[in-house]
Each structure stands twice: as C-alpha cells, then as structure tokens.
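Q: The chain contents come next:
Protein chains: 2
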Amino acid sequence: MKIVVIKFGGTSVGSINRIKKVAEIIAKYKKNKYKVVVVSSAMSGVTNDLVKKSEKISDDFDKTEYDTLVSAGEQISCSLIAGRLNHIGYVSKSMMAWQIPIQTDDNFRNANINNINIRKIINYLKIGGVPIIAGFQGVTKNGRITTLGRGGSDYSAIVLAKSLKAIKCIIYTDVIGVMTTDPKINNKAKKIKVISYEEMLEMSSLGSKVMQSNSVQDARLNRIDVIVKSSFSKNSGTLITKRKNIINNKVITGISVTKNDAKVTLVGVVDKPGVAASIFKPLYINNINVDMVVQNISADGHKTDITFTINSKDLNKTQNLLKFNKNVKYNKILFDREVSKVSIIGVGMITTPGVTFRMFQSLSKKKINILAISTSEIKISVLIKRKHIRKAVVSLHREFKLDQ
Amino acid sequence: MKIVVIKFGGTSVGSINRIKKVAEIIAKYKKNKYKVVVVSSAMSGVTNDLVKKSEKISDDFDKTEYDTLVSAGEQISCSLIAGRLNHIGYVSKSMMAWQIPIQTDDNFRNANINNINIRKIINYLKIGGVPIIAGFQGVTKNGRITTLGRGGSDYSAIVLAKSLKAIKCIIYTDVIGVMTTDPKINNKAKKIKVISYEEMLEMSSLGSKVMQSNSVQDARLNRIDVIVKSSFSKNSGTLITKRKNIINNKVITGISVTKNDAKVTLVGVVDKPGVAASIFKPLYINNINVDMVVQNISADGHKTDITFTINSKDLNKTQNLLKFNKNVKYNKILFDREVSKVSIIGVGMITTPGVTFRMFQSLSKKKINILAISTSEIKISVLIKRKHIRKAVVSLHREFKLDQ
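Residue numbers (this note's numbering), protein chains in the order written: chain A, 5 to 408; chain B, 5 to 408.
Mixed in with the good hints, there may be bad ones.
What the hints assert, rightly or not - Computed list of lysine-lysine pairs in BS3-like fashion (alpha-carbon distance at most 30 Å, straight line):
#	chain 1	residue 1	chain 2	residue 2
1	A	LYS67	B	LYS60
2	A	LYS32	B	LYS34
3	A	LYS25	B	LYS60
4	A	LYS32	A	LYS6
5	B	LYS60	A	LYS34
6	A	LYS67	B	LYS35
The set of hints was computed from the structure by calculation and includes no laboratory data.
From a predicted model like this one, the values you see are computed outputs, not experimental measurements.
Whenever a hint applies, use it, and build me the whole structure from the sequences.
A: Dropping the structure here:
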C-alpha cells in the first residue's frame, strides 16, 4: 500500500471554507491512488479558547481534565473534515485516539506515545476509506484522554507515518516551507527545497517556527521523510530528510536569528575549580536556560570574566539569583538585554573549510562587533547587538549565496 | 448508598460563572452525605454552534460524524465542572459515554440506551468521587459515538438513576418547575408542587417545555422520581412521581396551550368505508402528524364533513396532498391557521364528575366557540380561535381554582 500521512495545522482548518479546501486537497491525493491517512489539529482559536476557559475555572486546573477539555477541539475539526469528505463522495470517518487506540503514558498535558494499534486504520484503508485521525491526543491504559503537548499533532502524524510505514508525511501549515532566513528580516529569503533533519533541528531550535524541535527530532529518530508545505498555496514545500539523500550545492542552508536574548557578564570572578558550577547551579534549579557561555582566560590565574546568554524574560530572576549567591565572588555584573544570536547552519560546512573565517570577515566588513561565539558541527552562532540583526543577516545571506 | 443523580441543562452551565455556581450546588449535596452522580448538557449555545458548522459543511451531514461532532459539547462542559470541583477540594472526574460505557444501538442522532456498565461509577462513588457524566451521548458496540436526540441529557440522567438505584433524579434547568399554565398567557400561573407522570406527559406533549415527553415517559417506565428545579433560584421545584404518591386536592393540575395548530375541514366527503384512511394515509407517509379528528354524522348517509388539526408548518404540504388525492371525493376544503388547542389536565377528573360541563360552561360564559373536542382519561382538549387563548386560559385557571 502506498500510504501517505497528511497533517493539517490549526490555520489550515481554521474556518468552514478552509475545511472545504482541505477536503479538496485530500481528494487530490486519493485521485493519485494514494492510501491517505489524515491527521488534524483543532481549528485555530478553539484550543486557546478552551485553555482560557480552564484558566477562568481554576488557576491550577486539573491536568487530566485539561486534556479531556482541550482534546474536544480535534474532535470537532476531524468530524467536520470527515463530514465534508462524505459530502463530496468519499468514504471517510473521524477516529479519536481512544478509538484506535493511540496509547500513551499518563504524563498528562505532555504525554508520550507508547503504541499505536494500526489494525483499524489499515482495515479502513483497505476498503478505500480515509481515516481522519485526531492529532495531539492519546489515551492511557486506563482509558483517560491525554494530550501530547505543544506541536503534538506533528508528533501524532510522524509516529503514525512510522507505524503505518507511510512513504511520506506531509505537514500542511500556513507557510510555504522552511525559509533560508526570516523574510521579515531579509526580503531576499528563499524557500529551502531540501534540508536534513539535523539542519532543521538547528533551524527550529534557533527560532524558525515551522516545526517544533521535538517534532523534527521525532521525524529524525523514526527516519520519516517530512514535507512541510502550505495549504494556502501550490508551492511544493520543503522536504526534511536524511542527510545522505541530499545533494548539496550550498555550504550554508539557512540563517536563523533569535530575538529574546540577554547577555550577562560577571567581571573579575575569583577563578578556582568549580566556580562555573557554582554560578550556573541556581539557574538550573530555577529552570533558567543558559545558552552561550564564554570564559576569558584569566591573565594572572586568579580572576576571570564569565559571559553567558539567557532568555530576556529570565533576566530579573537571574540578577536576583546572582546577587544572593554567596558562593561566587566577583567585582561587578554587567547586563545587556539588547543582544541577538545569529546562526549560520549547513551540513556543507563540515566539508568546506573557511566558513568561520568568511562569516567573521563578512560581519567585520559591516563593522558588526562579535560579543560571543559558539559552534557545533553544522552551525556557527555569534552574539551581536540586536540593532545589527538586519545588516548581519543580509550580508551573510549574500556571502553564502542564499540570495540566488 | 444514598445515590442522587443531578442533571444540569445547557443554561445551568451556560457560562464560567454558572459552572462555578453548579459546582457549589453539587458540593451542597455532598455535604448532605449523598453519593452524587452528575449528568451535564453542553454549555448553552455550544451545540447549536456545532450544528450550524455541520450545516455549512453539508446540507446532508453524515449522521455518525454529526454525533461525534456535537458530543464534543458535553466533553467541554463536563471537564470544566470536574475541574472546578477539584479546584474547590472535591474528588471529581469527567466520564464520557465511551469511558463508562453507556452502550446504545447504532441509531445515530437518536440512539437508545441498551446498557450502562455501572461498575466504574460505583467504584468511583465508593472512594468519595463525584463522576461528571456527559449527557446526551452514548457509544455503539463498535465504539462509535452516538447521541440520544433532543432532550437526550434528561434521558441519560433518568436511565442512570434507574441503573444506579438512585433515590432521586434532580433535573436542574432555568425554570422553577412545572407551572399550572404558561405565565406569559396568565400571570396567575403557579408552580405545581407534585405532578404524576401521566399528567406531566400530557403537559409536555401539549406544549409545556420543562421536560420533553420522551424523558417523562422514560421516568415513568423506570419509576424514577424526578424533581425539576432551577439552578438560578432556591425554589424547591416540582416533583414528578407515581400517581399513588400524590394526595390531590385539586381536580385539575394544569392547563396547557398549543400555538401552532391549523384546522382543515373537508366539506361534503363521500361517506364510504375506508374514506378516512384514504385521507390520512398520504399525510402519514409524509410525516404529517394529525392531532384532533372530528367527523360529523352524515345526515343522508352519503356525505359527511371531516375536520382535523395539524401543525401550521405542515399546512401547505397538506393542501397539496389533499388537492392531488384522487381517492377522496369532496365538495370543498376549508383551512384555518389561526386556531389553538387548550387542554385541562388532571388525574382528579377521573373521580370528579362534571369537569367537562364546568369547562364548557366557563368558555361559553366568555362567548368562546368550541371548534372541536378531544378527551382522554385525564385530559380534555378543546380547539378554539387563537385570539381567544388568553381569555380561555384565565377563565379556566380561575374556574378550577389554580389561581390559589
């Protein structure tokens, strides 16, 4: 069976007209002789409305009831899609997670899929039916409804694709695919045709909003080819796949930018073993995520400067934690909330020397000062003043030939 | 176990504030040492909104998907109630029909309950929990969601009360109980404290909107005492019970009025065996409900006049069916869309002679002409011009001492 899993996000099913359009998209795959399995999110706005209701009921709404509550959203969208497909002459029915079942652990609000019983789905495909499966939800062994956390419908789609041995998984969303960089920052941004899981992981964890990191990771672990495309246009989208499937002609695949960084520098820290741990332990305990860390070599062997970045929203908390940290001695603290991280990402850099140099030279030509650097195998990130973002991205985009 | 089943209608859970109020009502029963089983409808407006969505998707929306769609409404209200009870310190969880299960036939949109597995409910009551059960919904043997038709949450509550051997079933709604007559027609209308199933059946099938006839019939067949009361006031409500539980001091319990009748008269029908059947068969086939039928004795044994009433909305269809009915010969047809049926109802009339006379005399004094009469053991209905409704109801209400 040539099975294809198609997932529709909230905006793709955001209105009655959108749902009619979605039914047409599904019909097109059926005409192409695919066995089609559909996964849908709730209509956009519905989940948020339900969440707001729960917040008005209690500032600590029961987790298990929360999952029952918000999963009603997918029940609505899926039955409407199935109803529309029936209307235009297809055999289709909605399937909630408990009807399949899609079994999860009982980690309510953020459950993990343990097992999908594919028998009902396969049998339905065999008679030519189109199952419309509720994304984002599961059911525990005890028959309680769970949800899979934010981005959960993508997770449902990818695990379904794996379980059903689908030839591909197509994620319909409201953007045409993964872009080389944020088009709002650089209007020369182009759609990326093919990208590896690893690059996509870097892109999404660094601020591209197309797919959540954990969904990309799910696809990578399950070796599922994912196509991200728009349900609003005919663009062919972006294929996210194994690195070896990609014939690369570009060193860099994309440039990502974060917008909510803050920089903290501790000047004149007494340099002794364990000092870094003493600084970061209270941040870790308080769920403050530390991103880039730079420690200058201490000239006299006694004092050093330590710089790190955090999310701006955590800055006040971090200031207090450092102020009252008796285990660390230093001269003063400096803060800067107006910084951003610009990253160039590409598997091509592994085999191409000089990428770092080209990046630094390009920024230097624009007189952009680099405040910190961090690198991985397929990524180079630099911290710069936020006001330089646009200049930096435009120049790097041109330097690495992403404009073309 | 002293189990009480409490059902809340759509307006009773119509907003976040109402749901908070409902949680307080439930808590009050818990404090009174009852084991409380709650049945809830969807928040008012939600079901209608979902129905409208289905109508926009298809003018012939698939029945099974319709049930999945609209049952999402109860999933929302029940999880919110359970969430609120948890918030104020009670052990509570929502239970959808499939989780119990409440098993029905597969007559989608209008299913009948075949069986309720009470084990989970009883176990939960034993640990002090308050189950919040989704009304209006069931599940087929094959695991598809069904709904029970209009008024279905009352049906759920009554069958649950029966299955759980509850000591009572309380239906919370937006009226203080069953009234002696429509307060909009007669402001002297009083709340009825106790009414028999049979009287209530006549009251509801004749236009009182408190409970649907089939729900009253369910209560009667299951011998469940039902209390109808308001979640908006402290009024003690109306008890609907077995006739033998009632000590009656009034001949008449209530007066009901219909507002959508139309009268049809066939003048000069050739009178031969089977003619009535010939007239009514096409109406029956076309789902047109015929209510009162009066046939005058034919003076010469050859011709007769036949009068009957139908719902006004069916009048045009009826006119056409009669016009093209080749099997019936008559001189002419007369129509009157401006008629109404006024009924006096009471088990007291069985043992009290002269009720018919008092009714006719009362109307005659007000110069109200009676167009047709029909009676049952506990009811006398008369058809009158619609413009006389108020005068008729006020005078009968006084005549039978319902004003007091």
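Q: List, from low to high, the hint numbers that the structure doesn't satisfy.
A: Numbers 1 and 2 - these are the hints that the structure violates, sorted from lowest upward.
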